[in-house]
Amino acid sequence: GENVEQHPSTLSVQEGDSAVIKCTYSDSASNYFPWYKQELGKGPQLIIDIRSNVGEKKDQRIAVTLNKTAKHFSLHITETQPEDSAVYFCAASHSGYALNFGKGTSLLVTP
Amino acid sequence: GAGVSQSPSNKVTEKGKDVELRCDPISGHTALYWYRQSLGQGLEFLIYFQGNSAPDKSGLPSDRFSAERTGGSVSTLTIQRTQQEDSAVYLCASSLGYSNQPQHFGDGTRLSIL
Chain S
11 GENVEQHPST LSVQEGDSAV IKCTYSDSAS NYFPWYKQEL GKGPQLIIDI
61 RSNVGEKKDQ RIAVTLNKTA KHFSLHITET QPEDSAVYFC AASHSGYALN
111 FGKGTSLLVT P
Chain A
-2 GAGVSQSPSN KVTEKGKDVE LRCDPISGHT ALYWYRQSLG QGLEFLIYFQ
48 GNSAPDKSGL PSDRFSAERT GGSVSTLTIQ RTQQEDSAVY LCASSLGYSN
98 QPQHFGDGTR LSIL
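One line per chain: the protein sequences are S and A, in this order. Counting from 11, one number per residue, gives the positions in the first sequence under my numbering. Counting from -2, one number per residue, gives the positions in the second sequence under my numbering.
If you are wondering where the hints come from, they were derived from the structure by calculation, not from laboratory data. Where hints are given, some of them may not hold.
[Unchecked claim] For each label pair, taking beta carbons as the anchor points, the in silico distance ranges come out as:
no., chain 1, residue 1, chain 2, residue 2, range
1, S, 28, A, 75, 44 to 52 Å
2, A, 77, S, 81, 37 to 45 Å
3, A, 81, S, 28, 38 to 46 Å
4, S, 61, A, 4, 31 to 39 Å
5, S, 89, A, 55, 37 to 45 Å
6, S, 93, A, 77, 35 to 43 Å
7, S, 81, A, 81, 33 to 41 Å
8, A, 67, S, 26, 48 to 56 Å
All C-beta atoms in this analysis are idealised placements derived from N, C-alpha and C, irrespective of residue type, glycine included.
Work the whole structure out from these sequences, hints included.
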C-alpha cells in the first residue's frame, strides 16, 4: 500500500523565519495531496491541498510544491508567527478517497 | 455553518466492553470517513462511506470493528470486546462525494480502555 514519509518530525524556527516540511510518497498513482494543521485537542484542519496536475499552489503565507517524478511534495510557510505552532500532517491519496498520512511535524515558532 | 460533530468527546471504558462512537457529518456531504490516531502517531484510515454504502473498509483492524451509516448522514463506529490497544482518538471526516475532495474533520472521540 501507499507509504508516506514526513520530515522533520520536529522543527523550531524564530518568528518571521520560513518553515519547510517535506514528504515523499511511494505510490505513483497518488494524485491528491492535502496538508493539515492540528492543534492540541482538536481535529486536523485542512490548510492547503494540491492535485497532481499542478506543480505549485500558494495561499497567502502558505505554499505547496509537488514533484511527481521524484514523488515528493513540500509545505512552505513564510513569515512564521507564534500561532503557526502546531502539528502539521501531509497526506496522499491514490483512491480518491482514503488518505494516507505522514507521521506529522511538530512546528514551534518562538517569538 | 456547522462542522463535523462527534460524540462523545471522551469515553473511558473497561476492557471487554463494547463502545459506540457517533459522527454527524457536514450537511450535504455524501462521503464520510473514519480514521484512528494513536498517541504520537499519524492518522490511520479505517473505513469510507459513500451514502450508506462502504466501498472501502480495508482499514478496519479486526472483525471487532464495524461501522454503519443510515439515511446518508449519521455514522456509528462500534468496537466490540474492547482491548487496551484500541485506546486512541477516533476521528471522523466528511467531504463532497466526488473524488479528491477536501475532507473536513471533527474533533474526535478520545477512547481510553482501562
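To see whether the hints hold, each was checked on the structure:
no.	hint	in the structure
1	S/28 x A/75: 44 to 52 Å	holds, 45 Å
2	A/77 x S/81: 37 to 45 Å	holds, 39 Å
3	A/81 x S/28: 38 to 46 Å	holds, 42 Å
4	S/61 x A/4: 31 to 39 Å	holds, 33 Å
5	S/89 x A/55: 37 to 45 Å	holds, 41 Å
6	S/93 x A/77: 35 to 43 Å	holds, 42 Å
7	S/81 x A/81: 33 to 41 Å	holds, 36 Å
8	A/67 x S/26: 48 to 56 Å	holds, 51 Å
In terms of the numbered hints stated before, the structure departs from none.
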